[in-house]
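**Q** Here's the letter readout for the chains.
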Amino acid sequence: MTRLDFGAVALRLFTLLMMIFLIFPILVTLVVAVNPREFILPPSGFTLDWFKAAWSSQTFLRGMGVSLVLGVVSATLANALALPAAMAMVRHDFRGKAALNLILMSPLLIPTTIFSLALYIWFVRIGYGAGLLPLFVGHTVHVMPYAMRILTASLHNFDPSYEEAARNVGAGRVRTLFSVTLPVIRTGLISSFALCFILSWNDFPISVFLAPPGWTPLPVELYSYIKFQYDAVAAALAASLILLSVVAMVILDQLAGLRRVLRS
Amino acid sequence: MIRRLTPSLSPGLLAIFIFVALPMLWVVRTSFNDLAQGSFIVETFTLDNYTRFLGDPWYLVNTLWFTVRIAILSTAVSVICAYPVALYIARTTGVQRNILMALIMAPLLIGLVTLVYGWIVIFRGGGLLNSLMIALNVYDEPVRYMWDIKGVVILLVYIGMPYIVLSLMDSIERISPYLVEAARNVGASPWTAFWKIVFPLTMPGLYAGLVIVFSLNFAAFAVPLMIGDSNTQMIGLVIYREALLNNDLPFASALSVIMVSVNALILVGMAVLFGRLILNRLEAKR
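As given, the protein sequences belong to chains E and B, one line each in that order. Everything in the first sequence is counted per numbering that gives the first Met the number 0, starting at 0 for the first residue and increasing by one. Everything in the second sequence is counted per numbering that gives the first Met the number 0, starting at 0 for the first residue and increasing by one.
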């Protein structure tokens, strides 16, 4: 056995160990969620009772509704803000472009805790206080840079002569946007929307700071639940969230390539 | 030109200006305000919030220095865990590579609270980790992970590792395999080839990963909130408590300013250190 072989085997084993480290908590949650005897491992069967309990809990359903609305609205707004900016950035060169790009990406550079605190204090300052607006603004601004990044990448592959052609045969600006530009960059838009949605759906720090009473998103609801009660119903809810994230992962991977999307 | 682009750029820029720039500036202003009885903010100009933190050895040791130490420790462990993995994945192809990449990226797209749930099952007193360790004779008595800094560090390593793997892979994939082959052909051992060729060329990726993960760890608040306890007073958690539980917004603002400044100082230090490292290597090669 040469030293090289030994090194290769060690590398392989170490990687395997690390993969177990990464996947273990996810697997544990999935197993606890379908195990009939609460928390007693190894599992002794298969049940969907915990899922039924989780999916019929008023608190969780409410949280899910809030997260769904929040995710859809903030992903839509973030993309609506990012698309024109990304188009201007990709198609034109102008002085200060790099600086403007940095400004648009700046929410990524600020720790989420401080960004949320700043918004919280800001809304108190302008006399708005607690309400829905800060929560939606926080989520939208937080996910906007991700939309910028994906849309910029997909617009780079877009040939503006399609738009010119449409304009030449008499289509107006709006018509061109909706029947040429948006369909062509469809995959970029869908991936951008999916990423923004899943980031908002999973967010904890922003919601903790900004969610008003009665509008608690699911992750915060799950946190307050497991703080006091610790049972397999929470596991079933966590497992549902994992499955949803996996769906988002597959969509993103198919449409845009997961790695390109997650590049930080 | 810029005038023609104003309609497309202004909505996004305006959103950033109103909801990022002004609020951040207002945090700085608030940090000089005072808090009157009943949580009313008094507009004034005082350094009290800063001296309350920076003049108190307890805060300096148990919060600021503690956070620096934990962030450095968990970032370092993340790097040690991530480096070999990145090297290995860079060599794989096809299905194996896809599976490994999916496993690396899964924690990034699954919510933190969801991941924490799995870790709580593992960490609990009679939980999986203790049962496993005792069965393997690593130790005899159950160890406290939950409500303890040990659990917090493990979680931070867990969250940080994928970022470092991804940014290291960006560098590793750019290294031409011919470089290593050439070194081997002129008689370098695999170890020398790695140390003299591959390792220096991964410095940019390592640096990028370190910047992200150190900043994330330094600002961590959700992990110490969910896994930690009163003995894990990381600065992000103290900011959260002061702002939302004690309603002391001026003090929380001052803490935020301190946190961002210290983080920036450490990042500058890292930039200098890495600049030196890379320059020295280049000098040595000449």
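Quick caveat, the hints were computed from the structure, so don't treat them as lab data. A hint or two may mislead.
Some chain B residues judged to face chain E by a derived CB distance under 7 Å, without partners named [claimed, not checked]: (1) S7; (2) G11; (3) P22; (4) M202; (5) P203; (6) A218; (7) S255; (8) V261; (9) L264.
Here a beta-carbon is modelled for each residue, glycine too, at the ideal position from N, C-alpha and C.
**Q** Indicate, hint by hint, whether the structure satisfies it.
**A** Verification of the supplied hints:
{"no.": "1", "hint": "S7", "in the structure": "holds, 4 Å"}
{"no.": "2", "hint": "G11", "in the structure": "holds, 4 Å"}
{"no.": "3", "hint": "P22", "in the structure": "holds, 4 Å"}
{"no.": "4", "hint": "M202", "in the structure": "violated, 18 Å"}
{"no.": "5", "hint": "P203", "in the structure": "violated, 14 Å"}
{"no.": "6", "hint": "A218", "in the structure": "holds, 3 Å"}
{"no.": "7", "hint": "S255", "in the structure": "holds, 5 Å"}
{"no.": "8", "hint": "V261", "in the structure": "violated, 12 Å"}
{"no.": "9", "hint": "L264", "in the structure": "violated, 15 Å"}
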